[in-house]
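Starting from the structure of chain A, add chain B where the hints point.
Protein sequence lines correspond, in order, to chains A and B.
Under my numbering, think of the first position of the first sequence as 1, with each following residue one higher.
Under my numbering, think of the first position of the second sequence as 1, with each following residue one higher.
Keep in mind that a hint or two might mislead.
As the list claims (entries may be wrong) - Among the chain B residues that face chain A by a calculated CB cut under 7 Å, a handful are:
id : residue
1  : G190
2  : F267
3  : S268
4  : T269
5  : K271
6  : Y274
7  : V297
Stated by the list, open to error - Keeping only pairs whose Cα atoms sit at most 30 Å apart, straight-line, the calculated DSBU-like set for lysine-lysine is:
id : chain 1 : residue 1 : chain 2 : residue 2
8  : A       : K236      : B       : K45
9  : A       : K32       : A       : K214
10 : B       : K127      : B       : K58
11 : A       : K82       : A       : K161
12 : B       : K96       : A       : K161
13 : A       : K80       : B       : K191
14 : A       : K197      : B       : K289
15 : B       : K289      : B       : K45
16 : A       : K161      : A       : K88
17 : A       : K162      : B       : K127
18 : A       : K88       : A       : K197
19 : B       : K276      : A       : K229
20 : A       : K80       : A       : K161
21 : B       : K127      : A       : K82
22 : A       : K197      : A       : K161
23 : B       : K96       : A       : K197
Claimed, not checked - Quick partial rundown of chain A residues pointing at chain B, CB under 7 Å, derived from the structure:
id : residue
24 : K10
25 : G12
26 : V13
27 : T17
28 : I151
29 : I153
30 : G154
31 : P155
32 : V156
33 : I190
34 : L223
35 : E224
36 : K229
No wet-lab data here; the hints were simulated from the structure.
Note that the Cβ used here is the ideal one computed from N, Cα and C, for glycine as well.
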Amino acid sequence: MRPLRFLTGKGGVGKSTLAAFFAKEAAKAQKKIFVATLDDPTVISHELDLPFENNSRSFSLITTQHLTPHQCFQEYLLTKLKFQPLVKLVANNAVFQAFTNFTPGIDALTSTGKIFETVRGEEFDHVLVDAVSTGHFVTWLNTAESFERLIPIGPVHRDAKKMRTMFHDPDITEVCVVTLPTELALEEAIELTEEIKLAGFPLGPVFVNGFHPKSDSTDDSTLEGFFGKRREQEEKLLSHFPYPFERFEWHPS
Amino acid sequence: MSQIRFLIGTGGVGKTTTSTIVAVRQAQDFSAVHLLTIDPSMRLKSTLGLDHLDHHAKKVSLGGGRSLFAHGVNKSSGFDHLIGRESPEMLAKLLKNPIYLALSRRMPGAHEYAAWDELALILERDKPEILIVDTPPSAHLKDFLEAPSKILSFWEDHIQKYFQLGQSSHRSLLEKSLGTGFRVLEMLMGKTFFQSVVETLESINSIKSGILSRLRHTQQIVMDPRITEAWLVTTSEQLLHRRSPLPTQVEGLAITKTIINRDWSHFSTSKAEYGKMLERLNQQKLPGKIVRIPDQVEPPVDLSDIINLAKSLSWEK
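The following block holds chain A by itself, in its conformation from the complex:
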C-alpha cells in the first residue's frame, strides 16, 4: 500500500468493507494508518468496530475520521487564519455559509485539502480514503486542479497546486477501483479506470469483490449449484479483464 490510497467504485460494491479490511491488515503489520470515509460511516464503523466521528480519533495504530464538509472547512480555515475564535466567527456567519454552500466545489476542495494535509503531516504510514463513488470521483479529486486554474493567485492557488502535484505522484498516491465480478460492473470499472488514467492519477490494483463460493453441485435449482455456476461465469469474465486485480470472496454469513 502506498502512503495514500483512494478506494473508489460504484456504491454497494463494498468499498467500506474493503477499507476496514486494509486498515486491519496495516495495523497487524504495525503500521500507523489514518482511515477517512466520505460516505455514510455506518458500515465501516461496524466492520472496524471503531467510531467514525467528525473529529479525528486515534485508537492505537488506527486513526478514524468521517470527513464532513463543515468540519473540513473549519480545519482548512484554521490552517489559514491560525486563530480558533476567528475561525468560529467566520464559519458560523450565515451569509458566509450560504456563499460557500453555493460555490460548488468548496466541499470537495476542503475534503481533498484535509487529506492532503494529513499525508503531508507524515504522522501516518498510510492514509486510506473510502472515497466518493463512480461518476463523481474524478471530478472530486480534480477539484484542486479546477481551483488552481480558476484562481490565478493567492493561498488557495498555491495550496491547490501542491495538492494537484501530490495526487498525481505515483510514489505517494494510488487510486484503487473496487468492483464486482459482473459484466456491467466490470465494464463500468474499465470506464472509470480509463477516466482516472486520462486525468493522470496513478492507478493501484483493481479489487474485485463478491466472488461467489465455488461448489461441486451442478444442479442450478439449488442455491449451491447456482453459486457454483455463477463462480464459473465470474472467472470467465475476469479472464478478459485488462488490468491487474485481486479477488475477494463473498461469505454466506
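Coordinates of chain B only, in the frame set by chain A:
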C-alpha cells in the same frame, strides 16, 4: 395528473435494470410511461438498445402495440437549458464566463440541479401518466432531493436582499453582510475570482424568478405523497447483510413497494448453512408490497429478456 415513482436503493443492486423491467411492466397497464435515469453512467441506453440518450424522449417499442419513452440527464448542458429557457442572451454571455463554466460543469452538485430541471421539463412537456425515475445511489439521493431547497434557501434567505437594495455597490453590501468572512473569502480566493463569482451570481440573479418558480413548482409536485411514491430496490444478498430494519419512508416519501432484484426464494438447498440463510431471508419484514425478480444463471441482457421478465412478474397495481 402524472404519477411519479422514485426507484431508490444503494448501488450494485441493479437499479437501472430493475427500473427498466418495472417501466416495461407498467407499460402493459399505461400508455404513456416515461423512464428517466439520473445516474451519470447512463447505463440505461445499453439495456434499451439505444445508442444515444438525452433529455428528448426516445420511444422504445415493446411489441404488441406497447411502448415506453426513455430520457437521460445530459450532464454537461443541463444547467444551460435551465438558463437558456429563461434568457438565451444571458446564456450566450455566461458561456464565455469561466466561472460559470466551472460552476455548471466541473463541480459536484450542478448535476443534481440539472436533474431537477429535467424532471420539471418532462412533467410539463410530455405529461406522462407514469414517470419512473431511476435515481443515483443513495448517498447522492439525499443531495438530489435537497438540491432545490439548497438553491431556494440560498436566494431567498441570503443573496436576494443584498441585490435588491440596488443603489450602493454590490461589493460594499456583500462586504457588510459577510463581515470578516468577506475579507477571508477574498484572501483565500483572490479578489478577481471572488468578484467573478459575485458577478456570475448577479447575472443569474437577474433571471432568477423564472428558474426559482419552476424549481419551487417542481419541488411541490414531486414531494407530494399523493403523486409520488418511493419504491425500494434491493437484492437477496443485500437483505442478508442488513443489520438494521429497512426504512418505511425516505425524505418524507412513503415506500410503497420493495422490489427484490436477484431474488433467491425460488431456490432449494441441501446445505444446512444455506438453509438457514434462506430461512432468515423469509423472515425479514419489508416495507410495502413485495415484487420478486428471480435470480437466474443467465441474467437479462437485451430488451426481449427484459420484456419476458416483466411479463412474469407478480405485480399488484
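Status of the hints after comparison with the structure:
no.	hint	result
1	G190	4 Å, holds
2	F267	4 Å, holds
3	S268	5 Å, holds
4	T269	4 Å, holds
5	K271	5 Å, holds
6	Y274	5 Å, holds
7	V297	5 Å, holds
8	A:K236 / B:K45	25 Å, holds
9	A:K32 / A:K214	36 Å, violated
10	B:K127 / B:K58	15 Å, holds
11	A:K82 / A:K161	21 Å, holds
12	B:K96 / A:K161	25 Å, holds
13	A:K80 / B:K191	17 Å, holds
14	A:K197 / B:K289	44 Å, violated
15	B:K289 / B:K45	29 Å, holds
16	A:K161 / A:K88	27 Å, holds
17	A:K162 / B:K127	51 Å, violated
18	A:K88 / A:K197	40 Å, violated
19	B:K276 / A:K229	21 Å, holds
20	A:K80 / A:K161	16 Å, holds
21	B:K127 / A:K82	56 Å, violated
22	A:K197 / A:K161	19 Å, holds
23	B:K96 / A:K197	29 Å, holds
24	K10	4 Å, holds
25	G12	3 Å, holds
26	V13	5 Å, holds
27	T17	9 Å, violated
28	I151	4 Å, holds
29	I153	5 Å, holds
30	G154	4 Å, holds
31	P155	6 Å, holds
32	V156	5 Å, holds
33	I190	12 Å, violated
34	L223	4 Å, holds
35	E224	5 Å, holds
36	K229	5 Å, holds
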